[in-house]
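Colleague: Okay, here's what each chain looks like letter by letter:
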Amino acid sequence: MSEDCRNRAMSQNVSEPATTSSDGTALPVRAAAAVISRDGLQALIDALAADHCVLGPTVRDGAIVYDEIAKLSQLPAGWTDNQDAGRYRLERRADDALFGFAVGPESWKRFLHPPVETLWTARRDNDGFSIEAPSVTRRKFAFIGVRACEIHAMAIQDKVFLAGAYADPGYGSRRRDAFIVAVNCAEAGGTCFCVSMGTGPQAESGFDLALTELHDGSRHDFLVEVGSDEGASLLSRLPQRRADDADLEAAAAVIAQTRSQMGRTLDTDGIKDLLQTNANHPRWDDVAARCLTCGNCTMVCPTCFCTTVEDHSDLAGATAERVRKWDSCFTLDFSYLHGGSVRQSGSARYRQWITHKLASWIDQFGTSGCVGCGRCITWCPVGIDITEEAAAIRAHPTSGGQHGGT
Amino acid sequence: MDRDRRPRLAVWKFASCDGCQLSLLDCEDELLTLAGAVEIANFPEASSAVLEGPYDLSLVEGSITTAHDAERILKVRQQSRHLVTIGACATSGGIQALRNFADVNDFVAAVYASPHYISTLATSTPISAHVTVDYELHGCPINKEQLIELISAFLAGRKPAIAAHSVCIECKQRGTVCVMVQGQPCLGPVTHAGCGAICPAYRRGCYGCYGPMETPNMAALGREWRTLGASPRDIRRALQTFNAAAEPFRKESEAHAD
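Sequence lines, in order, name chains A and B. Here the first sequence is numbered in my numbering, starting from 1 and rising by one per residue. Here the second sequence is numbered in my numbering, starting from 1 and rising by one per residue.
Treat each hint with caution, since some may be false.
[Unchecked claim] Some but not every residue of chain B turned toward chain A, in silico, with C-beta under 7 Å:
#1 Gln173
#2 Gln182
#3 Glu224
[Stated by the list, open to error] The calculated lysine-lysine pairs, modelled on DSBU-like cross-linking and capped at a C-alpha distance of 30 Å, are:
#4 B:Lys159 - B:Lys13
#5 A:Lys159 - A:Lys272
#6 B:Lys144 - B:Lys13
#7 A:Lys140 - A:Lys159
#8 B:Lys144 - A:Lys325
#9 B:Lys159 - A:Lys325
Hint data in this document are derived by calculation from the structure and do not stem from the laboratory. Computed from a predicted structure; not experimentally measured. Positions of the beta carbon are idealized from the N, C-alpha and C atoms, including for glycine.
Could you build all of it, start to finish, from the sequences and the hints given here?
Modeller: Now the structure itself:
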């Protein structure tokens, strides 16, 4: 990737998410869109594989996960996901669509912000000790099939890791180098609510190329939109034809249909004040009776960014290392201050998570921390539903109460 | 403590299968370094040369099942500057704590030809029910990497980097797809991390070998198991294994009568 492209990607990726159209319909696709066939998509993967680690959706362990791919045959052709609160099942589709599913168990977060990362290693030597940076194998990622909600999630994590005085260099380089092939959703999952959060189902910016799968009895190809110079350059090397009005209308229809299929809704009107003034609502105890405090919701969330740091030393006292790991506000250690954890109860921990995600995130970063991907609903082992919990608070708000118990 | 003197290590066995102390011998790559870092003063499974106490670090395996052992653990504590229990037997009573749910005399009569030779307590109890324990390392068996971490932390005078959260977080760290959300009952959400989430990686529900996590919501898990089709007997049996007498597991198992 050229330095120019790197700068371009940076400014593009960190920019504010584009606004969605006010009337709720899909925005018209850009001019100069192209159409590629499935062979063209394989050519895209081949071209990216020359200097990227190419990752895309594939079937593993009864789910559609993101993993390394090289061939179109590794994509989940003819598979879809049936998702509901605490429930995920892979099912056969009636057709052989390649992207006919919603989102999988884990987001692209695990590649950009890996779950375990060594920060440094120290070795004792004659002069005391020396500190070494981890040996980094710089692998540029290419992500195939990034959904609109996930692009918004990356923009949110950019604010966390790259804005301000203390940018995370590892995240920054992985993020800048990533080539993003978005896919406009053709199928909303049972727990999707991107329309409520204004984050989908159409990818509007933050990608290099965006695909819309056009698939009916008579055709199976992809409308391609360009989101960056690098995307344009790559597209120019693929077998393609210029998109005509019928292609654009077909793509718009796909997105409009997905928009109408949302499995969930979340009323965001005044939600910051609503949650911040209901710290003592009885619903927190109600949800705590169901919540396992297992941390799954935070792990699968594409924006949750919290980590813990572990220091290790070896038996001989010759080397030490500092390791960063994903952490969760559902663990006791997360809020451990001198003398103990300040969030002992499940009520306090669930309240912290949802209030941060939907309310205080706005104070902190200027946007909601939720992109409506629905993963926290699907992958909660007991099916706790963030939209349902927020609605329950809204249905019977209590007066006052900005400070709740531990 | 003399700074030039190596800390003295002792390994003690109570009612157990020896698997946890064997984990120490399993640390093949680290054994020589370990022997250089500590003086292995009392470890009968490794060496018949047993040196007298006191000891700086005692690793205690096994549970208390006899009056003799209930006395012996007091003496171990008296000789130990730090006492760390290792494994499910020592931390919760082990599989042998199944006796706590029935009459031990019935078991003795069923197993032994001459029951009158057997002198045993009615219950199997963890070491912490008898003496002060400085740290508990969970698991059946323990994870040898955690054991090395524990000893390394002891030598450096730091807190061991050993998490008490759920197995779920380990599943997510390794990228395992949740088996419970795919319909299979799993004890992972209420179980203490440490194994690295082995069973779900092989598409099996967690067996709870590491016992209860820091804040287990047992009732919520029990309800979800019922929703997934588990019978009360299934739930009882799943919870009454290696950590049957750990209080959250015991209580929830007894809440599911046929």
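Colleague: Which numbered conditions among the earlier hints are violated in the structure presented, ordered from lowest to highest?
Modeller: none
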